[in-house]
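Protein chains in written order, with the numbering used here: chain A, 13 to 382; chain B, 2 to 176; chain C, 179 to 443.
With a straight-line Cα cutoff of 20 Å, these simulated EDC-like cross-link-like pairs (lysine to aspartate or glutamate) come out:
#	chain 1	residue 1	chain 2	residue 2
1	C	LYS237	C	ASP266
2	C	LYS236	A	ASP208
3	C	LYS394	C	GLU405
4	B	LYS57	A	ASP262
5	C	LYS237	A	ASP208
6	C	LYS373	C	ASP429
7	C	LYS181	A	ASP208
8	A	LYS291	A	ASP316
No lab work stands behind these hints, which were simulated from the structure alone.
None of the values given here were measured: they were computed from a predicted structure.
This is what each chain is made of:
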Amino acid sequence: MLTVSTGNKAVAMAVKQAKPAVVAAYPITPQTEIVEQIAEYVTAKELATRYIAVESEHSAMAACIGAGVTGVRTFTATSSHGLLYMHEMTNWAAGARIPVVMANVNRALGPGWNIWAEHTDAMQERDTGWLQVYVASVQEAYDATLMAFRIAEHNDVLLPVMINLDGFLLSHIMQPLVADKIGDFIPPLHLPHAIDVTKPRGYGGLTGPDEHFKFRWDIERSMRDSRKVIEETQAEFNRRFGREYGWTEDYRCEDADVVVLSLGTLGKEAEMAVDSLRKEGIRAGSMRVRWFRPFPKLDLNGRDVVVIDRDYSFGFGGVLARSIEAKNRVDLFSVIAGLGGQEVTYDDIAGFIRNRRMGEEFWFGVSGDV
Amino acid sequence: MFEIRIHSRGGQGGVTAARLIALAAIRDGKYATAFPFYGAERRGAPVVSFVRINEKPIKVYSQIRRPDMVVVLDASVMETVDVLHGLRPGGTVLLNSAHKSQFKDVKSYHVDLTGIALRENLVVAGSPILNTPVLGALAKLGIITAESAKKAIGEMFTDERNARAADAAFREVAA
Amino acid sequence: MLKAAGPDSVLVVPACCTSVIQGIYPNTAMNIPVYNVGFATAAASASGMSAAFRSMGKKTNVIVYAGDGGTLDIGIQALSGAFERGTDFLYICYDNEAYGNTGMQRSGGTPLGAKTTTTPGGKTDFKKDIDAIVAAHEPPYQATACAAYPQDLFKKVQKALTFRGPTFIHVLAPCPPGWRYETGKSVEVGKLAVKSGMWVLYEREYGKLTITGPSKAAIKKPVPLEEYLAPQGRFKGIDRKALETLKQRVDRTLKRFAQEEAGVC
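Assemble the whole structure, with the sequences as input and the hints as a guide.
Right, dumping it as structure tokens:
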């Protein structure tokens with residue numbers, strides 16, 4: 013059915029269809045609309061979920077973990093400071109192998125207070141054992157949320173999944189949305205280590221180095237196994253609903269001499285830049301990175317690479333750029349742009365590509381002209 | 002691509018107007034997006050919201066700098082805001098006013114949305130509702146079809162006065 | 179305590195001494211599931227667990243077992259939230275009046291005058307009145323207990339689990355290494371805490387206070403506070419002023435309880 017929705021409401025709509033038993037959440041701009049909408053579904057009895065209006069994000073994740081270990085489906089949503097406040101528990105969720113699904117509406121970190129789009133919040137969660145996907149349209153926010161439940165809860169994965177959507181740019185924009193009847197696309201959750209009072213076990217007690225090491229490896233093994241599950245899930249989604257998703261969204265990359273890589277809505281704007289550069293005779297392509305954990309294998313050989321980061325790791329560099337560099341051993345032009353909601357247009361992106369300076373790092377709006 | 006910038010004051014329903022216009026365009030079979038200016042909005046402060054309408058999927062997320070059309074829901078914002086800023090040559094202005102407007106080198110139209118809302122008693126918390134009648138005026142100007150304007154209003158609101166006000170605006174919009 | 183709860187129960191344990199005594203992975207010394215959770219999250223984790231069990235139509239008892247640090251200090255926000263939301267669970271705080279796992283640092287539960295590794299000169303602030311804070315949330319049932327009176331604790335746990343909604347039991351747990359007395363004296367020290375009025379045993383049912391067990395006598399005629407302090411190394415050398423302040427505080431507390439129970443406010 014063709015309808016219209018904001019990014020936030022599309023996530024809520026997908027959550028409604030996934031029917032989690034427990035949602036525990038705390039409000040924060042620009043995420044709040046997601047949990048408000050879920051609360052409305054619950055109040056209107058359109059969704060039989062226990063909605064726990066916790067007193068903090070730390071407690072939101074704790075409550076999802078406590079609920080999740082009984083074997084039920086859980087969801088929460090957050091943003092920025094809220095995500096960082098729950099950081100201890102995001103690690104815990106992955107370590108406890110609770111397949112929580114969370115929407116994170118990417119927003120800058122203070123001080124000073126800034127409510128606009130930036131990816132630094134989610135980047136600080138990259139080593140927690142969460143799968144991370146970045147979306148770039150209202151439709152994709154909806155689709156990725158549906159797929160997140162299936163991927164997280166797959167018995168070869170059993171790790172939490174974070175869906176990232178750009179604050180305001182995507183959370184508050186209204187776009188067309190095709191919402192489907194999902195049927196049995198998300199099978200019932202069977203958590204092998206669910207609490208069973210008839211078989212009492214201890215969970216998460218004191219653990220020696222040998223066992224701890226094995227648990228850490230087990231997270232990584234599942235992270236590796238998740239690649240196949242992600243591919244299968246995306247293929248099955250395409251088969252059922254006719255919308256195709258991959259590790260990246262590639263646009264005119266086949267014959268490209270230069271490829272621009274980015275996360276989120278920047279990647280859509282980058283496609284416009286590619287079109288205008290092609291008119292100038294520059295063979296450009298865009299590769300929008302969708303999955304950040306597990307990190308995708310990218311085909312970049314023999315091309316110039318421009319990476320736009322809407323994030324930064326101080327004393328190191330743009331997180332996406334340096335990750336690509338480390339995994340692909342390519343020389344690249346690293347652009348830092350869009351922090352704190354700085355506007356980046358397709359003309360700006362075309363400029364980055366046209367005037368690329370390989371091996372350098374460029375701060376848009378700070379470093380002068382590219 | 003057709004780009005519209007809507008000027009209003011916080012709380013006047015500018016964002017909802019943008020969403021209604023986009024929804025109507027989608028019901029016309031086109032692609033459309035609607036979004037607010039992502040500021041910390043306060044009631045009463047001048048605000049803008051945006052609509053893009055296109056025959057193809059829309060990939061642009063940045064603000065509209067060169068609108069094809071400007072809609073002014075509250076004429077008093079013109080005291081502090083240059084509503085014509087960036088308007089494309091040959092662009093259009095639609096002003097909520099009972100009087101003919103004074104703009105140079107642009108196609109300008111006016112319609113008394115406030116008067117229509119008051120006539121239809123379309124008032125919430127003391128404020129006349131402008132975001133549904135404006136769809137009628139835009140239908141008359143050919144941005145959306147009258148049929149889709151009604152459909153969009155019906156999808157977002159149940160009160161029939163909204164559609165009646167849109168009809169009135171359709172009839173009353175003037176150059 | 180576990181006996182009182184029965185087999186259809188889950189223990190939720192934040193970082194505390196119980197993290198250690200339950201056994202090392204994959205063993206557990208308990209005969210019900212034990213779920214270890216983040217230090218600050220006992221009440222929040224239990225909120226989620228309780229909601230999940232109830233959503234499945236299960237009546238499983240969700241019991242938090244947390245120390246004073248995890249309750250009075252780092253976990254108080256989650257505790258307050260869970261009580262305010264009417265979470266169906268039992269929260270047991272066993273209070274040894276300091277951070278035990280890390281080697282006896284001052285907590286909000288440490289009483290005035292007690293020496294800890296971070297208050298080597300004796301604590302200069304009063305013990306936080308967590309029971310009054312919990313009472314302000316108006317739970318259907320709350321109680322205090324002392325490890326020296328296990329029968330009383332057993333009954334209170336049983337009773338707490340008959341209520342729907344959040345219930346709270348605050349247990350004073352004398353700690354030989356932390357309080358610096360001989361291990362064999364735990365029961366004696368615990369009883370002296372009650373008899374001296376330093377610790378008052380009571381129940382509060384829908385707000386109504388009932389003084390219970392030996393506190394009924396102690397509240398009228400407490401033994402001198404020095405008898406409780408003397409065997410404990412942590413109070414050794416407590417200065418006269420601190421001792422007087424502590425005594426006044428105990429007197430005032432006992433008077434307040436007696437008046438409230440008698441209906442005089």
